[in-house]
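Protein sequences appear in the order of chains A and W. Per the working numbering: the first sequence = residues 673 to 949. Per the working numbering: the second sequence = residues 17 to 141.
None of these hints come from the bench; they were simulated from the model. Every residue gets a Cβ at the ideal spot worked out from N, C-alpha and C, and that includes glycine. Among the hints, erroneous ones may be present.
Here are the computed lysine-lysine pairs in the BS3-like style, where the Cα-Cα straight-line distance is at most 25 Å [stated by the list, open to error]:
hint : chain 1 : residue 1 : chain 2 : residue 2
1    : W       : 86        : W       : 24
2    : A       : 714       : W       : 86
3    : A       : 717       : W       : 86
Using C-beta positions, here's what the derived DEER-type ranges look like [unchecked claim]:
hint : chain 1 : residue 1 : chain 2 : residue 2 : range
4    : W       : 33        : A       : 846       : 44 to 52 Å
5    : W       : 35        : A       : 924       : 40 to 48 Å
6    : A       : 747       : W       : 20        : 25 to 33 Å
7    : W       : 101       : A       : 892       : 31 to 39 Å
8    : W       : 102       : A       : 749       : 34 to 42 Å
9    : A       : 786       : W       : 105       : 30 to 38 Å
10   : W       : 18        : A       : 847       : 46 to 54 Å
11   : A       : 747       : W       : 34        : 34 to 42 Å
12   : W       : 91        : A       : 708       : 43 to 51 Å
13   : W       : 32        : A       : 716       : 33 to 41 Å
14   : W       : 61        : A       : 943       : 50 to 58 Å
15   : A       : 924       : W       : 105       : 34 to 42 Å
16   : A       : 946       : W       : 85        : 46 to 54 Å
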Amino acid sequence: MPLVFAGVCSHAPGITGRSDMADPDVRHRFYEAFAQMGADLKATKPEAIVVVAAEHFANFFMDNMPSFAIGMADHYEGPIEDPDWLGIARQRVPGDRELSERFITEVMNGSDVAYAEEWKFDHGIMVPLHFLTPEYDVPIVPVNINCQGPPLAPLHRAWTFGESIRAACDALPHRIAVIGTGGISHWPATPDSGKINVEWDLDFMDRWCRNDRDALLDYDDRSTYLEAGQGAFEIRTFLTISAAAAGAAGTVHFCEPIPIFAVSCTIATYDLDTGAR
Amino acid sequence: MSLYYVQKFLYQLNRSPSMQSSYREDQHTVLAPYELTEEEIEALTAPDVGKLFHLGVNGQILMHFAAFNKIEWQDYLQRLRDGIAVHGPVREGVYAMTTGVDEIVASADASSADTGHRGPENGVD
Numbered sequence: 673m674p675l676v677f678a679g680v681c682s683h684a685p686g687i688t689g690r691s692d693m694a695d696p697d698v699r700h701r702f703y704e705a706f707a708q709m710g711a712d713l714k715a716t717k718p719e720a721i722v723v724v725a726a727e728h729f730a731n732f733f734m735d736n737m738p739s740f741a742i743g744m745a746d747h748y749e750g751p752i753e754d755p756d757w758l759g760i761a762r763q764r765v766p767g768d769r770e771l772s773e774r775f776i777t778e779v780m781n782g783s784d785v786a787y788a789e790e791w792k793f794d795h796g797i798m799v800p801l802h803f804l805t806p807e808y809d810v811p812i813v814p815v816n817i818n819c820q821g822p823p824l825a826p827l828h829r830a831w832t833f834g835e836s837i838r839a840a841c842d843a844l845p846h847r848i849a850v851i852g853t854g855g856i857s858h859w860p861a862t863p864d865s866g867k868i869n870v871e872w873d874l875d876f877m878d879r880w881c882r883n884d885r886d887a888l889l890d891y892d893d894r895s896t897y898l899e900a901g902q903g904a905f906e907i908r909t910f911l912t913i914s915a916a917a918a919g920a921a922g923t924v925h926f927c928e929p930i931p932i933f934a935v936s937c938t939i940a941t942y943d944l945d946t947g948a949r
Numbered sequence: 017m018s019l020y021y022v023q024k025f026l027y028q029l030n031r032s033p034s035m036q037s038s039y040r041e042d043q044h045t046v047l048a049p050y051e052l053t054e055e056e057i058e059a060l061t062a063p064d065v066g067k068l069f070h071l072g073v074n075g076q077i078l079m080h081f082a083a084f085n086k087i088e089w090q091d092y093l094q095r096l097r098d099g100i101a102v103h104g105p106v107r108e109g110v111y112a113m114t115t116g117v118d119e120i121v122a123s124a125d126a127s128s129a130d131t132g133h134r135g136p137e138n139g140v141d
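Construct the entire structure; sequences and hints are all you get.
What follows is the structure, encoded as C-alpha cells:
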C-alpha cells in the first residue's frame, strides 16, 4: 500500500506547557494549523502512524545510544514528563507489535536500526499527538533518531533511513502515514531558549518543500550548531520525511517564530501525488 | 569530574516515579551507586541547577530535574544564568549558553521577545 500521508510539525514542550505565555493571536493561528494537519491526516484513513521524532533522553542514553530506533509494542505510555509541566495528561497510546515487527524487518533491508519493546513517549511524540490524534485512536510506530548525544548519524544516513522507511511502507498492505517532529533552529532548555534564526528556518523549509536532496544534505553539524543551535540537529527528522516522500513537493502551512515556545512553529506536508511513486 | 554519571543519575531519576519517591526519602542512598565527585553531589542535593548547568548537564535532562524540584520555567532559566554568572561558562557538552547573563531572550510578554539572530560566542567542544 502506498504511503498515504507525509508531513512534519514542531514538538517543543512549550507549545502545550507554556501555552498561556504566548501571544494569543499567533498561538491561535498555529493551533488551528496543527488541528488542520490532524484533519487532513485523518481524512487519509491511516491504519498506523509512523512518528519520526528526536527524543530527549526518555528511553535512550549514552550507555547504549542507537542512531536509529523503532518501537515494537502493542502500547506505549506518555508523557514521561510531569503532566502538569507539559500540559498533557498521561495516556496509554496504542501501538501494533505485529505491524511494527513487519515494518522493522522491511526497514532493515536498507538501514540498521535498534528496536525497542518498551518506549515511553516524551514531548517529541506527545505534543504532536495531542493535536493530530487527540483521541489517541490510531496505532503509533515510534521512531527515534539520535539528535541529542553526539556523535550523531550523518545527514546522508538519515536520508537513507527515510528511503528505507518508504520502502517498508510500500511493502506492507497497511495505509501508513509518516510524521516527522522536531525543531529547526533553536537553543532549547537553556537561557538561550527563545532565540530563533528565522532566516535559517525559512531557507531550510524552502529546501524541504523543493525536496532537494543535495540542498537538504548540504549542512554540517558544526555550522548548524553555530548558526541554528544544538536544537537544529533535529533537522534529521524533517529530512527523513523528505526522503520518504520520494521527490514529492511540499507546502508550508505555518512557520512563524513563537519565542516562548522556543522555535519557529512549523506545520508542513508533502503532496504525495507529485512524488516518484 | 564525572558528568556522564551525573547525567545518568538524572536520566534514570527523570523516568522512574519509584526512584523519585526514594530520592525524596533519602538522597544519598540513591546517589551512592553513581561515581560522583563531592562537587557534583553537593550540586545535586542542594539542588543547584545553575551549578549543574555550568558542569555541562544537558538542558533536556536538567529541565526535568528542575520540574521535579518544582522550579518553574522562568525561575529555571534565571537560575541557569545565575549559575553561569557565579561559576563561569559551561564546562563541556553542546548545551552551552550564547547569550549574556543579563539577557532575557523570551519572557512571558511576547512583545519583548527577540527573534533576531546574533552570532554565538561558544563553539562545539
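Do the hints match the structure? See the list:
For the suggested pair residue 86 of chain W and residue 24 of chain W, the alpha carbons sit about 21 Å apart, so the restraint of at most 25 Å is met. For the hint pairing residue 714 of chain A with residue 86 of chain W, the CA-to-CA distance comes to about 38 Å; that exceeds 25 Å, so the pair is violated. For the suggested pair residue 717 of chain A and residue 86 of chain W, the alpha carbons sit about 41 Å apart, so the restraint of at most 25 Å is broken. Between residue 33 of chain W and residue 846 of chain A the CB atoms are about 35 Å apart, so this pair departs from the stated range of 44 to 52 Å.
Separated by about 42 Å at the C-beta atoms, residue 35 of chain W and residue 924 of chain A satisfy the suggested range of 40 to 48 Å. Range check, residue 747 of chain A to residue 20 of chain W: Cβ separation about 32 Å, and the 25 to 33 Å hint holds. A C-beta distance of roughly 32 Å is found between residue 101 of chain W and residue 892 of chain A, which places it inside the suggested range of 31 to 39 Å. Here the CB-CB span from residue 102 of chain W to residue 749 of chain A is close to 38 Å, well matched to the stated 34 to 42 Å.
The hinted range of 30 to 38 Å is satisfied by residue 786 of chain A and residue 105 of chain W, whose Cβ atoms lie roughly 35 Å apart. For the hinted restraint 46 to 54 Å between residue 18 of chain W and residue 847 of chain A, the CB-CB distance of approximately 49 Å keeps it satisfied. For residue 747 of chain A and residue 34 of chain W, the Cβ-Cβ distance of about 20 Å falls outside the hinted range of 34 to 42 Å, so the restraint is violated. Distance hint for residue 91 of chain W and residue 708 of chain A: a CB-CB separation of about 35 Å, inconsistent with the stated range 43 to 51 Å.
At about 38 Å, the beta-carbon gap between residue 32 of chain W and residue 716 of chain A stays in the expected band of 33 to 41 Å. In this structure the hint that residue 61 of chain W and residue 943 of chain A lie 50 to 58 Å apart at CB holds, the actual value being about 55 Å. Taking 34 to 42 Å as the suggested C-beta distance range, the pair residue 924 of chain A and residue 105 of chain W conforms, at roughly 36 Å. Checked against the hint of 46 to 54 Å, the pair residue 946 of chain A and residue 85 of chain W passes, with Cβ atoms roughly 50 Å apart.
Checked against the numbered hints above, the structure breaks hints 2, 3, 4, 11, 12 and satisfies the rest.
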